[in-house]
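Starting from the known structure of chain A, fit chain B onto it as the hints suggest.
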Amino acid sequence: MNILTRLLLELQEMSLLAARAARGIFKKPRYVPETLAQMDSVGVGSLTIIILTGFFTGGVLSLQTYQTLASYGATDQLGYLVSISLVRELGPVLCALMVTGRVVSAISAELGSMVVSEQVDAMRALGTDPIRKLVAPRMIALLVTLPLLTLIADVMGITGGWVVSTFLFGLPSSTFLNSVRDGITTDDIIGGIIKPLVFAFLMGTIACHKGLKTEGGTVGVGRSTTSAVVTASIIVIIADFILARALQLILGTQP
Amino acid sequence: MMTQTSIDRPDEQGPDLQVSHEAAESTFREVDDSERAIPAIEFRDVTMIFDGRKILNNLSFKVMKGETKIILGGSGCGKSTTIKLVLGLLKPDSGQILVDGEDITNYGEAEMMKVRKKIGMIFQEGALFDSLSVYENVAFKLHEQGVPEADVENEVRRMLRFVNLEEAIDKMPSELSGGMRRRVGIARALVGDPKIVMFDEPTAGLDPPTARTICELAMKLRDLEDVSSIFVTHEMNNLDYLCSEYAVVNEAGEVVYEIEGEKLCLINSKVLMMRDGQVIFSGTDETLRKADDKYIQKFLRGH
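Line order of the protein sequences matches chains A and B. Each residue of the first sequence is one higher than the one before, counting from 1 in our numbering. Each residue of the second sequence is one higher than the one before, counting from 1 in our numbering.
To be clear, the hints were calculated from the coordinates, so they are not data collected in a lab. Heads up, some of the hints might be wrong.
What the hints assert, rightly or not - DSS-like, lysine-lysine: derived pairs with alpha carbons at most 30 Å apart:
#1 195(B) <-> 28(A)
#2 65(B) <-> 263(B)
#3 28(A) <-> 118(B)
#4 213(A) <-> 114(B)
#5 62(B) <-> 118(B)
#6 118(B) <-> 171(B)
#7 28(A) <-> 298(B)
#8 171(B) <-> 133(A)
#9 65(B) <-> 171(B)
#10 62(B) <-> 27(A)
#11 27(A) <-> 290(B)
#12 27(A) <-> 117(B)
#13 263(B) <-> 27(A)
#14 117(B) <-> 133(A)
#15 114(B) <-> 133(A)
Claimed, not checked - Restraint-style ranges between C-beta atoms, simulated for each label pair:
#16 256(B) <-> 215(A): 42 to 50 Å
#17 157(B) <-> 102(A): 37 to 45 Å
#18 2(A) <-> 208(B): 46 to 54 Å
#19 11(A) <-> 255(B): 52 to 60 Å
#20 132(B) <-> 27(A): 18 to 26 Å
#21 289(B) <-> 215(A): 33 to 41 Å
#22 223(A) <-> 93(B): 42 to 50 Å
#23 258(B) <-> 215(A): 40 to 48 Å
#24 132(B) <-> 148(A): 23 to 31 Å
#25 13(A) <-> 294(B): 24 to 32 Å
#26 215(A) <-> 35(B): 34 to 42 Å
#27 212(B) <-> 219(A): 30 to 38 Å
#28 208(B) <-> 219(A): 29 to 37 Å
#29 102(A) <-> 117(B): 37 to 45 Å
This structure is a prediction, so every number in the text was calculated from the model and none was measured. The beta-carbon is built from N, C-alpha and C at its ideal position, and this holds for glycine as well.
The shape of chain A in the complex, shown without the other chains:
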């Protein structure tokens, strides 16, 4: 099989997996406890890294751009610059990448080990569909928590930017916060929610697909985990570009 055929095959398998998982959401049995447990592990579990990432990213944005803005005499626009960069781009992307590192790897490794130790086969033999029991709860957990985590990252980032501008550069609090308020539009916020939803869907599909396709014992688990993280990271970045352009056209934020 050449690379193109393999790529198409993989794409087809992922689409089928996503479709079957989606069907699983609307049919009984529903796995509510499993979904809640996954939300706890994906969402609450990632809170610390997201708060830290958001805060310091916002801080460093302030730190690096303040001098440039000062040379144009535009330091009152600092809040605008920090918040727009965060809400539109850095919040969703960094959040997705951090969650990819923490959650996509975990999902893929967990499902992978279940495959190699025949637990997935055992589940099927016991009459339970692994896609409903294992894939759907993880997908839902990602779809629900990633937008929330992104929002938290945005807020923490703006806080980080404000802390640096106020305490390091002595910019008045009101100047920074006013420019934040004036800068962000509803369209930015809508875009900032659509992006993590799409990312979550892609990340969940890749993680579960790679995990369930694991072959070749423990070495295989390592291989599929690496592959899941690398693929998900790259896809997130590529999807971000496509989404950014699509949102510009749909929402008409830029020509």
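For chain B alone, coordinates are given in the frame of chain A:
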């Protein structure tokens, strides 16, 4: 107790009849039953190709009701593939697979789920769910079906008693030894009293007494529960146990194992030997031991 329910057949003749008469009636009733003429499992010219290599090559065999088919063969000869095909975990490239006379070859996942309900599968290493306790593992099927918790507990305890592991009910799989994991796997597979059970090398890597315990469980299922099974193995002592001993309940109500020949001749255990995805022998253990084939003799003697 499981053993008692199956031995004391439901009393359909009325309580005033004599016990021996009842037993005779039930025996004849079963023999006359035309259902029993339909094989529990049947393979018709099943071929399976993986990465250009024929894993199974025109494999055909039958497992009758109440029969244990011991599949012998070296590693990679297609033994495990065979039982995964019965459960529809894999699909053949050609040929037909029938379970209870029902052609399952082209069944989709949803239809297969119904077939799987009547089959119990015991995996090589137990395949217990790591994140669930022994109780939750055994209760898995019942929890999925939404059975009330009180009934679940009764059933789980009954199953764990059957494999002599009731004391391990609250343990996690990581705290169990290899043999215990296998036995929990058996308990989990037997929930719902399936009439067809698959054993995938259940004694591999176990010490001889534990391996014997597993074989005794298989004999108990065969002789006292009327279970049809496929027992995949490459260990010769498994063959010795399963083909020369049978389980009976003595007067004290205990399950004991007797050697064939003293009172009864064992006819419900057959051997199938595979090599490179093909059947090279099919018959009883006595004829297997007399076979001229060099490979079979080497396999039996180990050199």
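Okay, the hints, checked on the actual structure:
Of the pairs offered as hints, the one joining residue 195(B) and residue 28(A) holds, with about 27 Å between alpha carbons and a cut-off of 30 Å not exceeded. Note on residue 65(B) and residue 263(B): the hinted pairing holds, with a Cα-Cα distance of about 22 Å set against a maximum of 30 Å. Using a Cα cut-off of 30 Å, the hinted pair residue 28(A) and residue 118(B) holds, with the two alpha carbons roughly 21 Å apart. Between residue 213(A) and residue 114(B) the alpha-carbon distance is near 25 Å, which keeps this suggested pair within the 30 Å criterion.
Proposed proximity of residue 62(B) and residue 118(B) is supported: the alpha carbons are some 17 Å apart, at most 30 Å. In summary, the hint linking residue 118(B) to residue 171(B) is supported, as the alpha carbons are separated by about 28 Å, within the 30 Å threshold. The hinted pair formed by residue 28(A) and residue 298(B) fails the criterion: a straight-line CA distance of about 53 Å is larger than 30 Å. A C-alpha spacing of about 23 Å is found between residue 171(B) and residue 133(A), which places the hinted pair at or below 30 Å, so the restraint holds.
With a CA separation close to 36 Å, the supplied pair residue 65(B) and residue 171(B) exceeds the 30 Å bound. Taken as a hint, the residue 62(B) and residue 27(A) pair is broken in the structure, with Cα atoms around 37 Å apart against an allowance of 30 Å. Of the pairs offered as hints, the one joining residue 27(A) and residue 290(B) is violated, with about 57 Å between alpha carbons and a cut-off of 30 Å exceeded. For the given pair, residue 27(A) sits about 20 Å from residue 117(B) by alpha-carbon distance, which is consistent with the 30 Å threshold.
For the suggested pair residue 263(B) and residue 27(A), the alpha carbons sit about 55 Å apart, so the restraint of at most 30 Å is broken. About 17 Å separates the Cα atoms of residue 117(B) and residue 133(A), which keeps this hinted pair within 30 Å; it holds. For the hint pairing residue 114(B) with residue 133(A), the CA-to-CA distance comes to about 17 Å; that is within 30 Å, so the pair holds. Hint check: residue 256(B) to residue 215(A), Cβ distance near 45 Å, so the stated range 42 to 50 Å holds.
In this structure the hint that residue 157(B) and residue 102(A) lie 37 to 45 Å apart at CB holds, the actual value being about 40 Å. The hint said 46 to 54 Å for the Cβ distance between residue 2(A) and residue 208(B), and at roughly 52 Å that hint holds. Between residue 11(A) and residue 255(B) the beta carbons are some 56 Å apart, a value that agrees with the proposed interval 52 to 60 Å. Remark: the range hint 18 to 26 Å for residue 132(B) to residue 27(A) is upheld by a beta-carbon distance near 23 Å.
Under the hint 33 to 41 Å, the C-beta atoms of residue 289(B) and residue 215(A), about 38 Å apart, fit the expected range. Separated by about 27 Å at the C-beta atoms, residue 223(A) and residue 93(B) break the suggested range of 42 to 50 Å. A hinted range of 40 to 48 Å holds for the C-beta pair residue 258(B) and residue 215(A), which are about 45 Å apart. In this structure the supplied range 23 to 31 Å holds for residue 132(B) paired with residue 148(A), their Cβ-Cβ distance being about 29 Å.
Range check, residue 13(A) to residue 294(B): about 45 Å between beta-carbon atoms, so the 24 to 32 Å window is missed. With their beta carbons about 41 Å apart, residue 215(A) and residue 35(B) fall inside the hinted range of 34 to 42 Å. About 34 Å separates the C-beta atoms of residue 212(B) and residue 219(A), a value consistent with the hinted range of 30 to 38 Å. A hinted range of 29 to 37 Å holds for the C-beta pair residue 208(B) and residue 219(A), which are about 32 Å apart.
At about 38 Å, the beta-carbon gap between residue 102(A) and residue 117(B) stays in the expected band of 37 to 45 Å.
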